[in-house]
Amino acid sequence: MRLPDKRCDIAAAVGRIKDGDTVMIGGFGVPGTPFTLIHTLVQHGARNLTVIKNDANEPDMGVDHLLRSGQVARLITTHLGLNSRAIEMMNSGAVAVEFNPQGILAERIRAGGSGLGGVLSDIGIGTELAKGKQVVEMQGKTYLVEPALRADVALIHADCVDTFGNLTYAATAQNFSPLMAMAAACVIVEAETVVLPGEIAANAVQTAGVFVDHVTQLENLTEEYAIVRR
Amino acid sequence: MSDARTRMIARAAREIAPGMVVNLGIGMPTQVVNHLASGIPVCLHTENGMTGVGPTLPPEQADRNLIDAGGAYVSTMPGSAFFDSATSFAMVRSGRLDLTMLGAFEVAANGDLANWKIPGKFSPGVGGGVELAQKARRVVVLTTHLDRAGKSKLKVKCTLPITAQACVARIFTDMAVIDVTADGFALIETAKGVSPEEVCAATDAPLILSHSPLPSF
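Respectively, the protein sequence lines represent chains A and Y. Taking my numbering, the leading residue of the first sequence gets 380, the next gets one more, and so forth. Taking my numbering, the leading residue of the second sequence gets 106, the next gets one more, and so forth.
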């Protein structure tokens with residue numbers, strides 16, 4: 380018995396994304412952003428996408444390419460502070476933006492990946508962030524209902540992945556990726572290194588291969604992955 | 106940076122006690138780390154998934170995968186840990202942060218904090234600010250006393266959308282240290298060369314003068 384081999388051509392994997400799909404994209408700033416998968420999605424051209432990502436990177440980096448190409452109809456995010464273009468597009472109505480408190484976005488995704496309908500939280504009560512949210516009383520306390528989030532596809536950057544999809548992240552490149560990798564119907568991984576099963580110690584696996592559908596090897600790391608000099 | 110602002114940041118650093126887990130917000134709070142006593146046993150947390158945050162590094166020494174929530178390149182130290190965003194905010198919401206230091210647009214006399222949105226002008230999103238403000242065990246604010254138009258940031262009531270209700274315990278400004286008490290703002294310390302009367306005149310809400318003379322920083 381051996382584990383299935385999920386290696387796949389990157390264009391073929393991204394080609395599964397359809398107009399109108401919801402796409403989760405890992406990363407917090409540069410670390411963990413799957414720049415090559417994003418570029419492939421720009422080339423593929425699927426439109427009217429709902430993108431779920433912590434931030435919108437910076438102008439001319441990562442998700443910004445998808446915004447500029449007009450492929451994103453809706454962005455579910457936490458903070459756009461480093462991307463002035465994203466803020467302009469939000470203000471002009473070119474992209475609908477939904478802001479979530481950062482940990483609540485994480486929990487909504489975690490719930491979606493865990494087969495749950497949502498989570499109860501008191502974060503944002505008494506602020507405009509609570510507007511329109513369902514309120515429930517539970518064990519004598521007041522909570523907001525935060526519905527689970529799921530996606531059609533998740534795009535994930537790994538430091539190292541085996542051909543079955545077991546993978547590791549580097550340092551703070553982890554962020555939202557392990558959660559998103561559980562919450563999408565199809566999970567596409569780009570990795571700096573692809574190895575055979577067994578080469579990543581079982582104890583070191585951070586996302587289990589069962590969650591992963593397609594594994595692609597990065598041929599090179601483009602300038603976008605490098606240190607940003609501001 | 107003005108001398109008064111540097112002394113404010115140095116004064117705020119004295120808020121950090123040995124053994125604390127601390128989150129320093131983006132902007133002036135981040136600079137508090139430069140004023141900590143060397144060797145102080147403290148664990149810094151950053152929202153993007155790290156505890157044991159070490160000193161910031163210049164680009165030529167940086168690890169491209171190792172940043173703090175403000176995007177600065179940081180380093181590990183003995184005992185650092187990495188984790189995902191859900192774990193990071195589980196720490197915040199479940200009370201593992203002893204202290205957070207945040208910036209502010211406005212603070213109200215009851216401790217309401219507004220620091221995420223100026224409608225029509227500034228709305229980059231709330232990030233992790235709501236959870237830090239609402240759930241850290243102690244929330245202190247570092248801010249200039251006046252905004253760029255010369256208006257007091259310390260208000261009877263916030264005019265901007267609030268980040269969290271009644272969350273602020275103490276405010277460090279370039280003019281004063283002010284506590285939020287059940288009775289409103291209480292003036293605790295003044296900056297060198299600033300009189301209590303000048304602080305009162307620069308503050309929109311009433312100030313309780315707890316004792317006299319006040320220590321200065």
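Read the hints as simulated data drawn from the structure, not as lab findings. Fair warning: there could be bad hints in the mix.
As the list claims (entries may be wrong) - Example chain Y residues on the side facing chain A (calculated, C-beta under 7 Å, incomplete):
id, residue
1, G157
2, F194
3, G233
4, L319
Stated by the list, open to error - In silico lysine-lysine, BS3-like type, Cα no more than 25 Å apart, as pairs:
id, chain 1, residue 1, chain 2, residue 2
5, Y, K226, Y, K262
6, Y, K297, A, K510
7, Y, K262, A, K510
8, Y, K260, Y, K297
9, A, K520, A, K510
10, Y, K226, Y, K260
For each residue, glycine too, the CB sits at the ideal point set by N, CA and C.
Hints, one by one, checked against the model:
Proximity of G157/Y to chain A is violated relative to the hint, the smallest CB-CB distance being about 12 Å (cut-off 7 Å). Interface restraint check for F194/Y: the shortest CB-CB distance to chain A comes to about 2 Å, inside 7 Å, so the restraint holds. Contact between G233/Y and chain A, as hinted, is supported at the beta carbon level, the nearest pair being about 4 Å apart and thus within 7 Å. Given the 7 Å rule on beta carbons, the hint for L319/Y is violated: about 33 Å separates it from the nearest Cβ of chain A.
Of the supplied pair hints, the one linking K226/Y and K262/Y holds, its CA atoms being roughly 20 Å apart against a limit of 25 Å. A distance of roughly 44 Å separates the Cα atoms of K297/Y and K510/A; the hinted pair therefore is violated under the 25 Å criterion. Between the alpha carbons of K262/Y and K510/A the distance comes to roughly 20 Å, so the proposed pair stays at or under 25 Å and holds. Taking the CA atoms of K260/Y and K297/Y, the gap is near 23 Å; set against the 25 Å cutoff, the hint holds.
Of the pairs offered as hints, the one joining K520/A and K510/A holds, with about 18 Å between alpha carbons and a cut-off of 25 Å not exceeded. A distance of roughly 20 Å separates the Cα atoms of K226/Y and K260/Y; the hinted pair therefore holds under the 25 Å criterion.
When held up to the earlier numbered hints, the structure conflicts with 1, 4, 6 and fits the remainder.
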